[in-house]
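Keeping their order, the protein sequence lines are chains A and B.
For the first sequence, the UniProt record's numbering gives the first residue as 1, with consecutive numbering after it.
For the second sequence, the UniProt record's numbering gives the first residue as 1, with consecutive numbering after it.
No wet-lab data here; the hints were simulated from the structure.
For clarity, every value in this text was computed on a predicted model and none was experimentally measured.
Where a beta carbon is used, it is the ideal one built from N, C-alpha and C, also for glycine.
Keep in mind that the hints are not guaranteed to be accurate.
Just so you have them, the derived chain A footprint on chain B, three or more residues with Cβ under 8 Å [claimed, not checked]: (1) 4–12; (2) 164–176; (3) 194–203; (4) 230–240; (5) 282–296.
Sample of chain A residues with no beta-carbon within 12 Å of chain B, all distances over it, derived [as the list claims (entries may be wrong)]: (6) ASN24; (7) ARG83; (8) THR106; (9) GLU112; (10) HIS114; (11) ALA115; (12) ASP158; (13) TYR252; (14) LEU283; (15) LEU290; (16) PRO451; (17) GLN481.
Here are a few chain B residues that face chain A, going by a calculated C-beta distance under 7 Å [to be verified]: (18) PRO147; (19) GLU160; (20) GLU244; (21) VAL245; (22) THR248; (23) LEU249; (24) ALA252; (25) LEU253; (26) ARG255; (27) THR256; (28) LEU270; (29) PRO273; (30) LEU274; (31) GLN277; (32) ALA278.
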Amino acid sequence: MTLPDQANGLDKAAVLDIDPVLDNPRTRIVVCCGSGGVGKTTTAAALGLRAAERGRKVVVLTIDPARRLAQSIGIDALDNVPRRVPGTDTSAGGELYAMMLDMKRTFDEIVEAHADVERARAILENPFYQSLSAGFAGTQEYMAMEKLGQLRARDEWDLIVVDTPPSRSALDFLDAPGRLGSFLDGKFIKVLMAPAKLGGRAGMKFLGVGMSVMSGPLNKLMGAQLLRDVQTFVAAMDTMFGGFRTRADATYRLLQAPGTAFLVVAAPERDALREAAYFVERLAAERMPLAGLVLNRVHGSGAARLPADRALAAAEALLDGAGGQPSATVPAPSAPPGEGAGGAGEATTSGDTRRTSDTSENLDGGGIVDRDSGQAGSRTVDAPGTGTPTVPHPSEGTPESTPESRGLPQPASPGDSTARLTAGLLRLHAERMRVLARERRTRDRFTALHPEVAVAEVTALPGDVHDLAGLRAIGELLAAQPAAATVEGAVAHSGTTGAATEVTGDAVGTSDGDAGQ
Amino acid sequence: MSRLHVVSGKGGTGKTTVAAALALALAAEGRRTLLVEVEGRQGIAQLFETEALPYEERRIAVAPGGGGEVFALAIDAERALLDYLQMFYKLGSAGRALKKLGAIDFATTIAPGLRDVLLTGKACEAVRRKDRAGRFVYDHVIMDAPPTGRITRFLNVNDEVAGLARIGPIHNQAQAVMRVLKSPETAVHLVTLLEEMPVQETVDGIAELRAAQLPVGGIVINMVRPEILDEAAVEVAANGARAEVAETLRYALERTGLGGNRHPGLAESLVDPLVTQAREHTERLALERSGRTEIAGLGLPTYELELLGDGMDLAGLYRMARELRKQGVAR
Chain A
1 MTLPDQANGL DKAAVLDIDP VLDNPRTRIV VCCGSGGVGK TTTAAALGLR AAERGRKVVV
61 LTIDPARRLA QSIGIDALDN VPRRVPGTDT SAGGELYAMM LDMKRTFDEI VEAHADVERA
121 RAILENPFYQ SLSAGFAGTQ EYMAMEKLGQ LRARDEWDLI VVDTPPSRSA LDFLDAPGRL
181 GSFLDGKFIK VLMAPAKLGG RAGMKFLGVG MSVMSGPLNK LMGAQLLRDV QTFVAAMDTM
241 FGGFRTRADA TYRLLQAPGT AFLVVAAPER DALREAAYFV ERLAAERMPL AGLVLNRVHG
301 SGAARLPADR ALAAAEALLD GAGGQPSATV PAPSAPPGEG AGGAGEATTS GDTRRTSDTS
361 ENLDGGGIVD RDSGQAGSRT VDAPGTGTPT VPHPSEGTPE STPESRGLPQ PASPGDSTAR
421 LTAGLLRLHA ERMRVLARER RTRDRFTALH PEVAVAEVTA LPGDVHDLAG LRAIGELLAA
481 QPAAATVEGA VAHSGTTGAA TEVTGDAVGT SDGDAGQ
Chain B
1 MSRLHVVSGK GGTGKTTVAA ALALALAAEG RRTLLVEVEG RQGIAQLFET EALPYEERRI
61 AVAPGGGGEV FALAIDAERA LLDYLQMFYK LGSAGRALKK LGAIDFATTI APGLRDVLLT
121 GKACEAVRRK DRAGRFVYDH VIMDAPPTGR ITRFLNVNDE VAGLARIGPI HNQAQAVMRV
181 LKSPETAVHL VTLLEEMPVQ ETVDGIAELR AAQLPVGGIV INMVRPEILD EAAVEVAANG
241 ARAEVAETLR YALERTGLGG NRHPGLAESL VDPLVTQARE HTERLALERS GRTEIAGLGL
301 PTYELELLGD GMDLAGLYRM ARELRKQGVA R
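Please model the entire structure based on the sequences and the hints provided.
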């Protein structure tokens, strides 16, 4: 029987080549959008760093970064101005700046810039304003747009990379200008403003029937004092609204311009890709330029030749030989059950490992077996440096326990620790292949719906990114998309990235086995 | 035991799924629960494989054993406001006039916090609702709430609004909602993964909730991976026992008809990638351990749900509900 090697579905989708997007001097804004928890901010930071180290002057505008990620780009305090990120490689002539959006500060700045001192103070002291600016629904979206517009207007940066707010529907920021517009055009604002502007009675008269119908319910609903606060606020903001609207519209058009590249970020999970599909459709409807999909946390395997069901069958064959402990965990020598002192346990581990490698000709791979009993530690400690390899449980290693020796290669001795260890490796692999198959199915469904969307995949890392080196590695993974999804490419890829970043290759070369699902 | 269960968690941790599983788990033994969605994503409908939920409480599942029922409601802020105007002020026609003026738009999308007031208000109304016999209509209301980063503000919005509107009906309504939310009738549960960022967010979120005097419930650790190999075993496979592992692998492949002999290099070439995967596994386990320790430090009831390798489906949801019950979530 052969193990079919087969390229996976990636070649059906166009491959997103990110470097030309980042390098193109006409690209001025990159917007990363996607649902929560898919690595949007990490992607934005990694892209910013990569673009900067390839020679562009970049500012990354993040909305709500996780603390350690913020620290990794040097913005551990809330700060509303771009700060230079230390530690970036500037040899290509680029620079990296980063900033975190401070909603209230941004709002206050607008007020201060567009109203005279007295009016500004009236607004800033208004309780309604204070709540609004501190970040209720929608404010974050407006302010993100506002800040983006400001940064772009300053024209100090070649490239602005922005991640979108973690809003309830993550494209709310696209609605910001429209919503503001419909509110400002609406009659409601006139009703609200009329009494404050013209003074109670005059307002009533001016609005006639409309106001008499409305003032009752509004008063009843909101209470006179809140209504008054809102009215004062709206009246004070009146002169600024036009400016708000003009700028929001301008930013919206900026987003539609060819200098903008939207990246939809997702993980290969059903919900995240469903949201991604929604974003793709929404961006198309708004005529926003989509560069492609960044698919984070994709699993790969350097052993994709071995399908899940085969790996499981092989694992079972070994465990049958071992008297079957199908769900047993090969226990940790560093934490044998009931073993007390952690220090002693650690010493044992390193001692054990060293000894095992010193005596690699010892076919039973001694260290593991006695770990079951938790006696390995004491034994090693009892006889340190004796040079005598421990040969545990001779009964387990004897040929009798090998099933039917019909001219098959004799294994180390199925039934011993090596068999269980190998079975563990195979079971882990089966698990990995199942994940791979599931991710591929999920992604293929997306690709079938949106074959026009170019995709870049980023391999799953075991841990989170905390520093520039980590972001750099993500940037490299993002840029290093295999041009053609060949198995050779996958293996070579896994070899190179594995050394640098402890990751496996891309999810290419998946076997078609897909059984066990 | 609490009657309003607010389920939050960082994006991607599966809070909608856990909320749904909790609704199922609490509906056992003939109870009736209401699963409430506030973010307009129709995640519940997708999970239960039904069409989009209207703004109406409808039965979505029957709990296994004992005839319990799960109802679901996707709260729509605008409809909730009109409801509310109708219910409290009999403002039927004025409500329509307000809508025409754009006041409803203003209230539900722009006015600070009103939207969140409406969403929490509707959920609290369902908690307090009684039938003619004076019994609660729902034994439990489970809310699929906004993510951890926004949950405290979301729940506390009524406090803020009560401060803004210092008198009048909005003030009273906000205070009434806040009384429910801060009482032992409510429990806020956070869903997390054993990964750095979600754990960090959970720890921060709990601190925020406690500072705001909101009642914290439990932590649900989702997608826990089974431990298959430990670090030491993997190092042995990579170093001392590498040759034996290759040999054993060849034997196993041969035994299962994969031709370990006919492809002489196969087993050997598989060892390194398999060991690499095993290292990732143990690295991940180490991260999970430290995450678990941090979660344990919060001193809260904790529930663990295993990763469903083939992805989430309806059967998986029922399994999760069973698991939650087994771990005492209904006690």
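Q) Is the shortest C-beta separation between LEU249 of chain B and chain A less than 7 Å? A) holds, 5 Å
**Q.** Non-interface claim for ASP158 of chain A, where every Cβ of chain B lies beyond 12 Å
**A.** Correct as stated: the minimum Cβ-Cβ distance to chain B is 30 Å, above 12 Å.
Q) Just checking, LEU283 of chain A versus chain B, shortest CB gap more than 12 Å? A) Consistent with the label, LEU283 of chain A stays out of reach of chain B, its closest Cβ about 18 Å off (over 12 Å).
Q: Against chain A, run the beta carbon of GLU244 of chain B and see if the smallest gap drops under 7 Å.
A: Constraint on GLU244 of chain B satisfied, holds at 4 Å.
Q) With a cut-off of 8 Å between beta carbons, are at least three residues of the region 194–203 of chain B near chain A? A) Since three or more residues must qualify, the claim that chain A covers the region 194–203 of chain B holds, with 6 doing so at under 8 Å.
Q | Interface exclusion of TYR252 of chain A relative to chain B, criterion Cβ beyond 12 Å | A | holds, 17 Å
Q | Separation of PRO451 of chain A from chain B, once the least beta-carbon distance is taken, above 12 Å | A | holds, 23 Å
Q) Does THR248 of chain B pass the interface hint, meaning its C-beta sits closer than 7 Å to a C-beta of chain A? A) Holds - the Cβ of THR248 of chain B comes within 7 Å of chain A, reaching about 4 Å at its closest.
Q) Checking the smallest CB distance to chain B, is LEU290 of chain A really beyond 12 Å? A) holds, 21 Å
Q. Measuring from the C-beta of PRO147 of chain B to each C-beta in chain A, is the shortest one below 7 Å?
A. Holds, about 6 Å.
Q. Three or more residues of the region 4–12 of chain B near chain A by CB distance under 8 Å?
A. Check passed, 3 qualifying residues.
Q) Okay, the region 282–296 of chain B and chain A, do three or more residues pass the C-beta test at under 8 Å? A) Contact hint for the region 282–296 of chain B vs chain A: holds, 3 residues under 8 Å.
In summary, the structure agrees with every hint in the numbered list given earlier.
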